[in-house]
Amino acid sequence: MTKLVYFAWVRERIGKAEEELALPAEVVTVDDLLNHLRGLGEEYEAALQFPDVIRVAIDQEHVEHDEPIAGAREIGLFPPMTGG
Amino acid sequence: MTKLVYFAWVRERIGKAEEELALPAEVVTVDDLLNHLRGLGEEYEAALQFPDVIRVAIDQEHVEHDEPIAGAREIGLFPPMTGG
Amino acid sequence: MTTITPTIRVQCEDFDQQAEIDRMTKGRHDVGAVVTFTGLCRGESGRLEALELEHYPGMAEAEITRIATLAIERFSLLGLTAIHRYGTIATGENIVLVVAASPHRQAAFDGANFVMDFLKTSAPFWKKEHGRDGKAGDWISAKDADDRARDKWQG
Amino acid sequence: MTTITPTIRVQCEDFDQQAEIDRMTKGRHDVGAVVTFTGLCRGESGRLEALELEHYPGMAEAEITRIATLAIERFSLLGLTAIHRYGTIATGENIVLVVAASPHRQAAFDGANFVMDFLKTSAPFWKKEHGRDGKAGDWISAKDADDRARDKWQG
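Just so you know, the protein sequences line up as chains F, X, W and H, in that order. The first sequence stops at residue 84 when you use the UniProt record's numbering, and every number in between is there. The second sequence stops at residue 84 when you use the UniProt record's numbering, and every number in between is there. The third sequence stops at residue 155 when you use the UniProt record's numbering, and every number in between is there. The fourth sequence stops at residue 155 when you use the UniProt record's numbering, and every number in between is there.
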């Protein structure tokens, strides 16, 4: 099981702040994960329809979309940051 | 009579903070004034021996050494500033 | 190798700039310059009532610490404090504080400026507008200008 | 045309950064960024006891006001405060404060930085060192680096 956490409008559109998912073996990279999630229902499709804008952190560190997710304990998905 | 005011090591070397002087008619510019003062005694010579480094203000505004001094109420002579 | 540890806080409550400056400078004689940056919630000409600030707990602290440590090393700072608030912040209230101390002025300016530019683009915080009309508005979009401000520190 | 008047003080007593920030921001909702610069008296590795700061009364205020007004116009600032102390200032104590407020962060950084660069080279203040050995030392020499820092704002 992998813990997924969502923030801002990604969280609002998916309708939950976090969940634990069993990911199939063919989900190797962040890109694979985003594609897999979009197949889980229209709320995921609404949140992730433009995957290029989604920012991703593995175990609380920023990663690119071609990063492998093997071994990740927690994966965060969120929009570009607007703090400061 | 023209009021002259001195600061920092210019003041220390001349030995006074200010004085009123009657300036001869041939003292037209700041350069003329510095040359004139250097003739007034060795303390003035010690203060003004390198006239290029002396900064000058007429009526509390910075001026260049070729500025005419006619009409000046107060002329300040001092080293380069080191505030801040 | 730096031995300066940044002070990082992510908190709901407001901060006190004076207390943070004093904490960085009291009892020492090597600090010649302290620069503070305070970011506040603007009212956008009366349109906004507040901003709601969401953050990624844990990662927010870690990411600001990473940025602050880069700044300390790059500008040889003597101290660096960064505090970012979350929750509902009314217009006119403080959002973020950065304090940088150095022997000389340009490093203190650059250190605080660098931290703000990176914090804007990589610290996991998101702002949602709350209007004067009582409605929750949109999430604020990231600005290209913020990416460009960050990129000026490259190379 | 600017309608913002800078707050300028040349004084013996210390200042309070928080009070100056609050004075500039309280009750208004258009300020998004406040940058403060505080210059302190460094001990120069234990060699110094204090600095004696001499100034040209009247001209000091006038010159800082001129610089501050340039900064307000150039960077469209919402507020600018500059306070410069004179007299004997022990190591670790404050010498100068600049506070700049703006809607956006870069203008606040640039405004405070600009004022400091010009204040260093054109405000009529002079520093004399007082050593730990009890002797009055030399007047500090002006630095070429300060002229170069000022010249970066040209053009």
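To be clear, the hints were calculated from the coordinates, so they are not data collected in a lab. Check before you lean on any hint, since a few could be wrong.
[Claimed, not checked] Pair by pair, the computed Cβ-Cβ distance ranges are:
1. Gln11(W) <-> Asp59(X): 22 to 30 angstroms
2. Asp59(X) <-> Asp144(H): 52 to 60 angstroms
3. Glu18(F) <-> Ala90(H): 35 to 43 angstroms
4. Lys16(X) <-> Asp151(H): 42 to 50 angstroms
5. Pro68(F) <-> Arg23(W): 37 to 45 angstroms
6. Asp59(F) <-> Gly87(W): 19 to 27 angstroms
7. Ala22(X) <-> His104(W): 29 to 37 angstroms
8. Asp144(H) <-> His65(F): 48 to 56 angstroms
9. Glu73(W) <-> Val53(X): 36 to 44 angstroms
10. Gly71(F) <-> Asp16(W): 23 to 31 angstroms
11. Ile4(W) <-> Gly71(F): 40 to 48 angstroms
12. Asp133(H) <-> Thr5(W): 49 to 57 angstroms
13. Asp144(H) <-> Ala90(W): 31 to 39 angstroms
14. Ala90(H) <-> Gly137(W): 21 to 29 angstroms
[As the list claims (entries may be wrong)] With a cut-off of at most 35 angstroms between alpha-carbon atoms, the simulated DSBU-like pairs for lysine-lysine come out as follows:
15. Lys26(H) <-> Lys128(W)
16. Lys143(W) <-> Lys16(F)
17. Lys152(H) <-> Lys127(H)
18. Lys152(W) <-> Lys128(H)
19. Lys3(F) <-> Lys16(F)
20. Lys128(H) <-> Lys16(X)
21. Lys127(W) <-> Lys127(H)
For every residue, glycine included, the Cβ atom is placed at its ideal position computed from N, Cα and C.
Right, here's what the structure says about each hint:
{"no.": "1", "hint": "Gln11(W) <-> Asp59(X): 22 to 30 angstroms", "result": "violated (53 angstroms)"}
{"no.": "2", "hint": "Asp59(X) <-> Asp144(H): 52 to 60 angstroms", "result": "violated (29 angstroms)"}
{"no.": "3", "hint": "Glu18(F) <-> Ala90(H): 35 to 43 angstroms", "result": "violated (55 angstroms)"}
{"no.": "4", "hint": "Lys16(X) <-> Asp151(H): 42 to 50 angstroms", "result": "violated (35 angstroms)"}
{"no.": "5", "hint": "Pro68(F) <-> Arg23(W): 37 to 45 angstroms", "result": "holds (43 angstroms)"}
{"no.": "6", "hint": "Asp59(F) <-> Gly87(W): 19 to 27 angstroms", "result": "holds (25 angstroms)"}
{"no.": "7", "hint": "Ala22(X) <-> His104(W): 29 to 37 angstroms", "result": "violated (46 angstroms)"}
{"no.": "8", "hint": "Asp144(H) <-> His65(F): 48 to 56 angstroms", "result": "holds (50 angstroms)"}
{"no.": "9", "hint": "Glu73(W) <-> Val53(X): 36 to 44 angstroms", "result": "holds (39 angstroms)"}
{"no.": "10", "hint": "Gly71(F) <-> Asp16(W): 23 to 31 angstroms", "result": "violated (42 angstroms)"}
{"no.": "11", "hint": "Ile4(W) <-> Gly71(F): 40 to 48 angstroms", "result": "violated (33 angstroms)"}
{"no.": "12", "hint": "Asp133(H) <-> Thr5(W): 49 to 57 angstroms", "result": "violated (35 angstroms)"}
{"no.": "13", "hint": "Asp144(H) <-> Ala90(W): 31 to 39 angstroms", "result": "violated (48 angstroms)"}
{"no.": "14", "hint": "Ala90(H) <-> Gly137(W): 21 to 29 angstroms", "result": "violated (52 angstroms)"}
{"no.": "15", "hint": "Lys26(H) <-> Lys128(W)", "result": "holds (23 angstroms)"}
{"no.": "16", "hint": "Lys143(W) <-> Lys16(F)", "result": "holds (26 angstroms)"}
{"no.": "17", "hint": "Lys152(H) <-> Lys127(H)", "result": "holds (24 angstroms)"}
{"no.": "18", "hint": "Lys152(W) <-> Lys128(H)", "result": "violated (38 angstroms)"}
{"no.": "19", "hint": "Lys3(F) <-> Lys16(F)", "result": "holds (12 angstroms)"}
{"no.": "20", "hint": "Lys128(H) <-> Lys16(X)", "result": "holds (17 angstroms)"}
{"no.": "21", "hint": "Lys127(W) <-> Lys127(H)", "result": "violated (47 angstroms)"}
Of the hints listed earlier, those the structure fails to meet are numbers 1, 2, 3, 4, 7, 10, 11, 12, 13, 14, 18, 21, in rising order.
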